[in-house]
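Sequences listed follow chains H and F, in order. Take 1 as the starting number for the first sequence in UniProt numbering and just add one per residue. Take 1 as the starting number for the second sequence in UniProt numbering and just add one per residue.
These aren't lab readings, by the way, just hints derived from the structure by calculation. Because the structure is a prediction, the values reported are computed rather than measured. We treat Cβ as the ideally placed atom computed from N, Cα and C, and that holds for glycine. Among the clues, some could well be false.
Here are the computed lysine to aspartate or glutamate pairs in the DMTMM-like style, where the Cα-Cα straight-line distance is at most 25 Å [what the hints assert, rightly or not]:
#1 Lys-295(H) with Glu-84(F)
#2 Lys-80(H) with Asp-183(F)
#3 Lys-295(H) with Glu-421(H)
#4 Lys-295(H) with Asp-308(H)
#5 Lys-295(H) with Glu-29(F)
#6 Lys-295(H) with Asp-183(F)
#7 Lys-80(H) with Asp-127(H)
#8 Lys-171(F) with Glu-84(F)
#9 Lys-295(H) with Glu-106(F)
#10 Lys-171(F) with Asp-65(F)
#11 Lys-412(H) with Asp-206(H)
#12 Lys-115(F) with Glu-126(F)
#13 Lys-115(F) with Asp-206(H)
#14 Lys-115(F) with Glu-125(F)
#15 Lys-80(H) with Glu-15(H)
#16 Lys-80(H) with Glu-421(H)
#17 Lys-18(H) with Asp-113(F)
#18 Lys-171(F) with Asp-183(F)
#19 Lys-412(H) with Glu-351(H)
#20 Lys-295(H) with Glu-73(F)
#21 Lys-171(F) with Glu-107(F)
#22 Lys-18(H) with Asp-74(H)
#23 Lys-250(H) with Glu-357(H)
#24 Lys-172(F) with Glu-106(F)
Selected chain H positions facing chain F (in silico; Cβ < 10 Å) [as the list claims (entries may be wrong)]:
#25 Ser-12
#26 Glu-15
#27 Lys-18
#28 Pro-297
#29 Ala-314
#30 Gly-316
#31 Ile-317
#32 Asn-318
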Amino acid sequence: MAALVLAQHSTSPAERLKDAAAVAFIALLLGIPMIGLTTVDQGGALRIATRWPTLCIFVGVCFAGRLLLRYAIDRLRARKQARERSAVSAPTVDQATSPLLTWIGWAALGISVALPMLFSENRYVVDTATTVLIYVMLGWGLNVVVGLAGLLDLGYVAFYAVGAYTYGLLSTQFGWGFWQALPLAGAVAASFGILLGWPTLRLRGDYLAIVTLGFGEIIRIILVNWTELSGGPNGIASIPRPSFFGLPFKPPGDDPTFASFFGLEFSTNHRIVFLYYLILALALLTNLFVSRMRKLPIGRAWEAIREDEIACKAMGINARNVKLSAFAIGAMLGGFAGVFFAARQGFISPESFTFNESAIILAIVVLGGMGSQLGVVLASLVLVLLPELGRDFAEYRMLLFGAAMILIMIWKPGGILSHREPTLRYRADGGRR
Amino acid sequence: MMLQLSGVHAHYGAIHALHGVDLSVQVGEVVTLIGANGAGKSTLMMAIFGQPRASSGRVVFDGEDITGLPTHEIARRGIALVPEGRRIFPRMTVMENLQMGAVLGEETNFEVDLKRMYTLFPILEERCTQRAGTLSGGEQQMLAIARALMSRPQLLLLDEPSLGLAPLYIKKIFQIVRELNRDHGMTILLVEQNAHHALRVAHRGYVLQHGQIILSGTGRELLANPEVHAAYLEGGHAAPAAQPAA
Numbered sequence: 001m002a003a004l005v006l007a008q009h010s011t012s013p014a015e016r017l018k019d020a021a022a023v024a025f026i027a028l029l030l031g032i033p034m035i036g037l038t039t040v041d042q043g044g045a046l047r048i049a050t051r052w053p054t055l056c057i058f059v060g061v062c063f064a065g066r067l068l069l070r071y072a073i074d075r076l077r078a079r080k081q082a083r084e085r086s087a088v089s090a091p092t093v094d095q096a097t098s099p100l101l102t103w104i105g106w107a108a109l110g111i112s113v114a115l116p117m118l119f120s121e122n123r124y125v126v127d128t129a130t131t132v133l134i135y136v137m138l139g140w141g142l143n144v145v146v147g148l149a150g151l152l153d154l155g156y157v158a159f160y161a162v163g164a165y166t167y168g169l170l171s172t173q174f175g176w177g178f179w180q181a182l183p184l185a186g187a188v189a190a191s192f193g194i195l196l197g198w199p200t201l202r203l204r205g206d207y208l209a210i211v212t213l214g215f216g217e218i219i220r221i222i223l224v225n226w227t228e229l230s231g232g233p234n235g236i237a238s239i240p241r242p243s244f245f246g247l248p249f250k251p252p253g254d255d256p257t258f259a260s261f262f263g264l265e266f267s268t269n270h271r272i273v274f275l276y277y278l279i280l281a282l283a284l285l286t287n288l289f290v291s292r293m294r295k296l297p298i299g300r301a302w303e304a305i306r307e308d309e310i311a312c313k314a315m316g317i318n319a320r321n322v323k324l325s326a327f328a329i330g331a332m333l334g335g336f337a338g339v340f341f342a343a344r345q346g347f348i349s350p351e352s353f354t355f356n357e358s359a360i361i362l363a364i365v366v367l368g369g370m371g372s373q374l375g376v377v378l379a380s381l382v383l384v385l386l387p388e389l390g391r392d393f394a395e396y397r398m399l400l401f402g403a404a405m406i407l408i409m410i411w412k413p414g415g416i417l418s419h420r421e422p423t424l425r426y427r428a429d430g431g432r433r
Numbered sequence: 001m002m003l004q005l006s007g008v009h010a011h012y013g014a015i016h017a018l019h020g021v022d023l024s025v026q027v028g029e030v031v032t033l034i035g036a037n038g039a040g041k042s043t044l045m046m047a048i049f050g051q052p053r054a055s056s057g058r059v060v061f062d063g064e065d066i067t068g069l070p071t072h073e074i075a076r077r078g079i080a081l082v083p084e085g086r087r088i089f090p091r092m093t094v095m096e097n098l099q100m101g102a103v104l105g106e107e108t109n110f111e112v113d114l115k116r117m118y119t120l121f122p123i124l125e126e127r128c129t130q131r132a133g134t135l136s137g138g139e140q141q142m143l144a145i146a147r148a149l150m151s152r153p154q155l156l157l158l159d160e161p162s163l164g165l166a167p168l169y170i171k172k173i174f175q176i177v178r179e180l181n182r183d184h185g186m187t188i189l190l191v192e193q194n195a196h197h198a199l200r201v202a203h204r205g206y207v208l209q210h211g212q213i214i215l216s217g218t219g220r221e222l223l224a225n226p227e228v229h230a231a232y233l234e235g236g237h238a239a240p241a242a243q244p245a246a
């Protein structure tokens, strides 16, 4: 109760001043030895000098900073409370789709289609955008499992690995093409999803998370150690790149190539741009597929299972099948992304599928707002671009990355977009649309 | 006979919660099960649904032994449950909740049933695009009942529908129970702590104590029974046997 009162309490200006003064005093105490006194080298001997003006500035900054921080926290809290109050009194509003979000979605699509044309000579931009899209696709896949069905999966990278290795092996050992291998790799990943889902059906929350974490590691360790199959730590090299409907991206030779067929001058950028559009198409298909699934009974059952499993069973829903289908479809989408990854890199090794990857994909889903498709896109942008932009900060970039994640979680505890799109719309006559 | 429990025992882990319960519900009846906290009322309700499964004894519904069936199969036989604590899907809209209730039904019935629920519970139509978690407790209970009815069940199980509601809503809930039975011929098994209200709407009642049925009779008989009166109607918490007969 006391904590509640404390949380509700917003401070008066006098209290804020007192609080800031206290902080400034602590800063002064700490600052005297750390800033106020310094050693200077005077002809080989060290002497202690004082820097009182610097200390004054430091204490002043602490005072002002604390004052501002306190004020900002109060403002934020007041705004949040106001929002909660209005949510209670007029909750019908929160179900209306915000036109802004729809607009952002279309704008994002437009930009992503136009991007390679705008930066056709800039390989770095298109490459980075391709990486973002891989994570978008993985995020949308994991969103089915974590966001919709509410099953916390910490080993999602395993399915990504299964997809990548399936394509890697099929193409290098049996000469399968990208498009032939894609559906099979998806199916193999889906069966691994069921393999993981089956023994974990009774688990929830933390327990499920631990088992899926272990599963992800098992797959990676198998890949490292089963040298005959996977090449072990050396991985699989020279995986063929996808071709444009049978036209390879190669310098002109005897066979028709992409460049010669269309009468273009050969450029390595063609493949980069093609790969970009390929992952864009795969990602858009994933999005379309998942949004359609959400509106089908199975998709709604995923969400209902997340909300209340017992109630679901009492409605006559077979919880086992619903969970397994979520695992299988999530895994299949991860497998597709894996195939693309293998085809793009041309080389895969277990190092690409560490727990770190699972953590990033999960962070994308959670940060984006569980279950939100557009949120995944925004979060992928943040999580992929931040480390890229932070390259100038060298070893501090992970620090920056962590700080950004913490800040997002403080400001938006439900994720960047926590709004949930209803799957049924109201029609004036009481029916549905 | 619509529902027949004979000698049902149930365990929660090591806890022996039900000790050979016999209970029956006839077609068109409202039957209530009353008892103190921890008497095993909700366990009995859930045991009908196989959660937990009865460790011995038989549950027969509509002539079929459903004792060993998984929960979702039992629901498919035509029993609908309004669980204790309502258990609506809070992040889904009111309409989506109702649709979840109708997953077993024919697609073509959905619109008709939806209209029927809106007539029965006008508040739900007003709130149909709202997230269910933002409804008040009483409204959530209405939603839970409507959701259960969407599957067109033959038997409706209500587990403590008046729990934690404002007096006005409690009255409303029992009025709905009576209406459903009288106007729509719904067979209802009602578990309640609110013995007074429950016994007044019920044709017959059972009193459960320590996992055993200790009394049964018509609603009127039980209302008039001095032991029931002392233990459950005057706010007494002690078991009937421990109370001197008034």
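Hints, verified against the model:
For a cut-off of 25 Å, the pair hint linking Lys-295(H) to Glu-84(F) is broken: about 28 Å separates their Cα positions. At most 25 Å may separate the alpha-carbon atoms for a hinted pair to count; Lys-80(H) and Asp-183(F) exceed this at roughly 47 Å. A threshold of 25 Å between alpha carbons decides the hint, and for Lys-295(H) with Glu-421(H) the separation of about 10 Å falls inside it, so the pair holds. A threshold of 25 Å between alpha carbons decides the hint, and for Lys-295(H) with Asp-308(H) the separation of about 18 Å falls inside it, so the pair holds.
Taking the CA atoms of Lys-295(H) and Glu-29(F), the gap is about 38 Å. The hint is violated against a cut of 25 Å. A C-alpha spacing of about 35 Å is found between Lys-295(H) and Asp-183(F), which places the hinted pair above 25 Å, so the restraint is violated. A hinted pair counts as satisfied when its Cα atoms are at most 25 Å apart, and Lys-80(H) with Asp-127(H) does not qualify at roughly 40 Å. With a C-alpha separation of about 18 Å, the suggested pairing of Lys-171(F) with Glu-84(F) holds against the 25 Å cut-off.
In summary, the hint linking Lys-295(H) to Glu-106(F) is supported, as the alpha carbons are separated by about 17 Å, within the 25 Å threshold. Distance hint between Lys-171(F) and Asp-65(F) is unfulfilled; the C-alpha atoms sit about 36 Å from each other, more than 25 Å. Simply put, Lys-412(H) and Asp-206(H) have alpha-carbon atoms about 23 Å apart, close enough for the 25 Å limit, and the pair holds. Simply put, Lys-115(F) and Glu-126(F) have alpha-carbon atoms about 12 Å apart, close enough for the 25 Å limit, and the pair holds.
Taking the CA atoms of Lys-115(F) and Asp-206(H), the gap is about 41 Å. The hint is violated against a cut of 25 Å. The straight-line distance between the Cα atoms of Lys-115(F) and Glu-125(F) is roughly 9 Å, inside the 25 Å bound, and the hint therefore holds. With a C-alpha separation of about 21 Å, the suggested pair Lys-80(H) and Glu-15(H) falls inside the 25 Å cut-off, and the hint holds. Restraint check for Lys-80(H) and Glu-421(H): satisfied, since their Cα atoms lie roughly 22 Å apart, inside the 25 Å limit.
Proximity of Lys-18(H) to Asp-113(F) is assessed by CA-CA distance (about 63 Å); at most 25 Å being required, the pair is judged violated. Restraint check: the Cα-Cα separation between Lys-171(F) and Asp-183(F) comes to about 18 Å, which is no more than 25 Å; the hinted pair holds. The hinted pair formed by Lys-412(H) and Glu-351(H) fails the criterion: a straight-line CA distance of about 33 Å is larger than 25 Å. A hinted pair counts as satisfied when its Cα atoms are at most 25 Å apart, and Lys-295(H) with Glu-73(F) qualifies at roughly 24 Å.
At most 25 Å may separate the alpha-carbon atoms for a hinted pair to count; Lys-171(F) and Glu-107(F) exceed this at roughly 33 Å. Restraint check: the Cα-Cα separation between Lys-18(H) and Asp-74(H) comes to about 15 Å, which is no more than 25 Å; the hinted pair holds. About 32 Å separates the Cα atoms of Lys-250(H) and Glu-357(H), which puts this hinted pair outside 25 Å; it is violated. A threshold of 25 Å between alpha carbons decides the hint, and for Lys-172(F) with Glu-106(F) the separation of about 30 Å lies outside it, so the pair is violated.
At its closest, the beta carbon of Ser-12(H) sits 33 Å from a beta carbon of chain F; the interface hint therefore is violated under the 10 Å criterion. The beta carbon of Glu-15(H) comes no nearer than 34 Å to any beta carbon in chain F, farther than 10 Å, and the hint placing it at the interface is violated. Residue-level restraint check for Lys-18(H) is violated (minimum Cβ-Cβ distance to chain F is 39 Å; threshold 10 Å). Restraint check, Pro-297(H) versus chain F: the minimum CB separation of about 6 Å is within 10 Å; hint holds.
With its C-beta approaching chain F no nearer than about 4 Å, Ala-314(H) sits inside the 10 Å limit, and its interface hint holds. Residue-level restraint check for Gly-316(H) holds (minimum Cβ-Cβ distance to chain F is 4 Å; threshold 10 Å). Because the smallest distance between the Cβ of Ile-317(H) and any Cβ of chain F comes to about 6 Å, under 10 Å, the interface hint for this residue holds. Contact between Asn-318(H) and chain F, as hinted, is supported at the beta carbon level, the nearest pair being about 5 Å apart and thus within 10 Å.
Going through the hint list in order, the structure does not satisfy hints 1, 2, 5, 6, 7, 10, 13, 17, 19, 21, 23, 24, 25, 26 and 27.
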